[in-house]
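Number of protein chains: 2
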Amino acid sequence: MVNIRLDISYDGTKYLGWQRLGDSELTIQNKIEKVLERLVEHEVEIIGSGRTDAGVHARMQVANVHLDTDKNCKTIKEYLNKYLPEDISVTSVIEVDERFHARFDVVDKTYLYRLWMNENKPIFERKYVTEIAEKLNVNKMIVAAKLLEGTHDFKAFSSKSTKKSTIRTINKITIEEKENEIHIYVNANGFLYNMVRNIVGTLLEVGQNKREVSTINEIINKKDRKLAGERAPAKGVTLYNVNY
Amino acid sequence: MVNIRLDISYDGTKYLGWQRLGDSELTIQNKIEKVLERLVEHEVEIIGSGRTDAGVHARMQVANVHLDTDKNCKTIKEYLNKYLPEDISVTSVIEVDERFHARFDVVDKTYLYRLWMNENKPIFERKYVTEIAEKLNVNKMIVAAKLLEGTHDFKAFSSKSTKKSTIRTINKITIEEKENEIHIYVNANGFLYNMVRNIVGTLLEVGQNKREVSTINEIINKKDRKLAGERAPAKGVTLYNVNY
Numbered sequence: 634m635v636n637i638r639l640d641i642s643y644d645g646t647k648y649l650g651w652q653r654l655g656d657s658e659l660t661i662q663n664k665i666e667k668v669l670e671r672l673v674e675h676e677v678e679i680i681g682s683g684r685t686d687a688g689v690h691a692r693m694q695v696a697n698v699h700l701d702t703d704k705n706c707k708t709i710k711e712y713l714n715k716y717l718p719e720d721i722s723v724t725s726v727i728e729v730d731e732r733f734h735a736r737f738d739v740v741d742k743t744y745l746y747r748l749w750m751n752e753n754k755p756i757f758e759r760k761y762v763t764e765i766a767e768k769l770n771v772n773k774m775i776v777a778a779k780l781l782e783g784t785h786d787f788k789a790f791s792s793k794s795t796k797k798s799t800i801r802t803i804n805k806i807t808i809e810e811k812e813n814e815i816h817i818y819v820n821a822n823g824f825l826y827n828m829v830r831n832i833v834g835t836l837l838e839v840g841q842n843k844r845e846v847s848t849i850n851e852i853i854n855k856k857d858r859k860l861a862g863e864r865a866p867a868k869g870v871t872l873y874n875v876n877y
Numbered sequence: 634m635v636n637i638r639l640d641i642s643y644d645g646t647k648y649l650g651w652q653r654l655g656d657s658e659l660t661i662q663n664k665i666e667k668v669l670e671r672l673v674e675h676e677v678e679i680i681g682s683g684r685t686d687a688g689v690h691a692r693m694q695v696a697n698v699h700l701d702t703d704k705n706c707k708t709i710k711e712y713l714n715k716y717l718p719e720d721i722s723v724t725s726v727i728e729v730d731e732r733f734h735a736r737f738d739v740v741d742k743t744y745l746y747r748l749w750m751n752e753n754k755p756i757f758e759r760k761y762v763t764e765i766a767e768k769l770n771v772n773k774m775i776v777a778a779k780l781l782e783g784t785h786d787f788k789a790f791s792s793k794s795t796k797k798s799t800i801r802t803i804n805k806i807t808i809e810e811k812e813n814e815i816h817i818y819v820n821a822n823g824f825l826y827n828m829v830r831n832i833v834g835t836l837l838e839v840g841q842n843k844r845e846v847s848t849i850n851e852i853i854n855k856k857d858r859k860l861a862g863e864r865a866p867a868k869g870v871t872l873y874n875v876n877y
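Chains as they are written, first to last, in the numbering used here: chain U, 634 to 877; chain D, 634 to 877.
Derived by calculation from the structure, the hints in this document are not laboratory data.
Hints should not be assumed to be uniformly reliable.
Identical copies go unnamed one by one, so any copy, or any two together, can satisfy a pair.
Each computed DSS-like pair below joins lysine-lysine, with the alpha-carbon atoms no more than 30 Å apart [what the hints assert, rightly or not]:
1. 843 / 715
2. 754 / 707
3. 868 / 664
4. 647 / 707
5. 647 / 667
Computed from a prediction, not measured in an experiment: that's the story for all the values here.
Work the whole structure out from these sequences, hints included.
Okay, structure coming up:
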């Protein structure tokens with residue numbers, strides 16, 4: 634058996650998300666597994682760096698998979714790209730140490746959230762951005778984002794209750810103004826369920842002057858999901874980078 | 634009656650092109666006319682700067698339309714964007730002189746052709762680029778493009794025979810190398826049927842070393858469509874700009 638690392642890019646628009654859901658053909662994991670199984674002629678299970686929600690995109694998702702094959706990486710990559718649909722691309726296939734685990738070995742991940750800020754509708758970008766009608770106070774959002782950085786209990790920013798630890802470290806939130814867009818990059822050692830979307834939704838309320846910057850500390854301290862902002866739409870989210 | 638100029642952007646992927654085709658709802662012209670007719674409650678005919686083929690996109694298409702209405706431009710724009718599908722956007726609505734004609738008054742137009750040059754498949758750009766497998770000799774393409782500039786009979790670059798004049802002036806062809814793409818901008822005072830796609834197809838053959846630069850003059854002089862290159866796919870074409 635060889636352990637293979639796959640770097641994957643996808644347009645999540647028409648999928649139910651990364652994670653396999655029974656036999657549904659509408660998950661990215663299922664699509665890739667089915668093609669691999671045809672190539673290696675045995676059942677496979679790919680391990681992603683983490684799930685992405687329905688409609689969320691990936692510029693770089695990473696997975697590993699144990700294969701019983703003598704096919705080389707170049708052949709595997711070509712076969713995958715030949716048979717995967719046009720909205721999923723495998724950008725790299727390399728053999729890795731047998732102990733490499735795409736989920737457990739993550740050092741940090743970066744998500745990008747794209748906000749469309751032009752008064753005209755996005756056309757070519759419409760599936761990858763969330764439209765915002767009003768002008769945002771970006772400087773206020775940057776100040777609020779700073780308060781989220783560091784090691785905190787982010788329970789209030791998770792859409793699912795869990796008994797596991799909800800402590801994570803956000804290394805950096807970068808907010809950039811582009812020509813027609815605002816880009817929010819969130820880099821952390823791990824993300825809770827819907828955490829990026831809940832953080833962006835909260836920062837949006839700050840930018841819209843519906844919420845004071847000081848409420849950020851209160852949300853973190855009280856650990857109450859109801860205090861945080863509304864969850865931002867999935868289509869604005871792109872898994873941007875995974876570091877090992 | 635007022636004469637209204639519309640600036641329009643669209644993703645042409647799912648349309649049969651700009652031009653109305655009977656009652657088909659799959660043309661951009663039909664979509665816009667139907668929404669306008671609901672607003673002004675009379676039949677309308679919009680005049681585009683020119684047709685775009687099935688699958689061709691527009692960053693900026695321009696049209697004019699005579700309306701019998703007291704609605705102002707802001708209201709017309711909002712109404713159009715509210716009821717048009719998400720792949721058509723009206724970016725500007727202004728009242729113009731009653732003599733303004735979106736086709737006859739064009740001074741020049743620019744088309745952009747996007748070639749995808751990365752060994753990985755395009756994901757987010759896939760509907761707007763044409764994938765090229767081999768590395769192109771861009772310098773040779775630039776030399777060939779120079780020979781196309783100027784006033785020539787471009788009959789060999791038209792996919793349709795016509796008794797009308799096939800003389801046009803290409804003011805400039807600009808070829809830019811981007812990170813993963815090559816962009817070809819063609820600015821001319823007018824374009825024959827499929828002219829951009831036939832020019833790009835010919836330049837591609839030059840870049841692939843399948844054709845010598847010197848054949849360009851021969852194609853122009855002999856006016857024979859069979860001598861020019863194969864027509865490049867529609868999805869790589871974007872109507873980029875129209876000048877009046």
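A quick look at each hint next to the structure:
1. 843 / 715: between (49 Å within a copy, 26 Å between copies)
2. 754 / 707: between (41 Å within a copy, 15 Å between copies)
3. 868 / 664: So residue 868 and residue 664 pass the 30 Å test inside a copy (20 Å) and across (26 Å) alike.
4. 647 / 707: Classified as within: same-chain Cα gap 28 Å, cross-chain 34 Å, threshold 30 Å.
5. 647 / 667: Answer is both: 18 Å inside a copy and 29 Å across each meet the 30 Å cutoff.
In terms of the numbered hints stated before, the structure departs from none.
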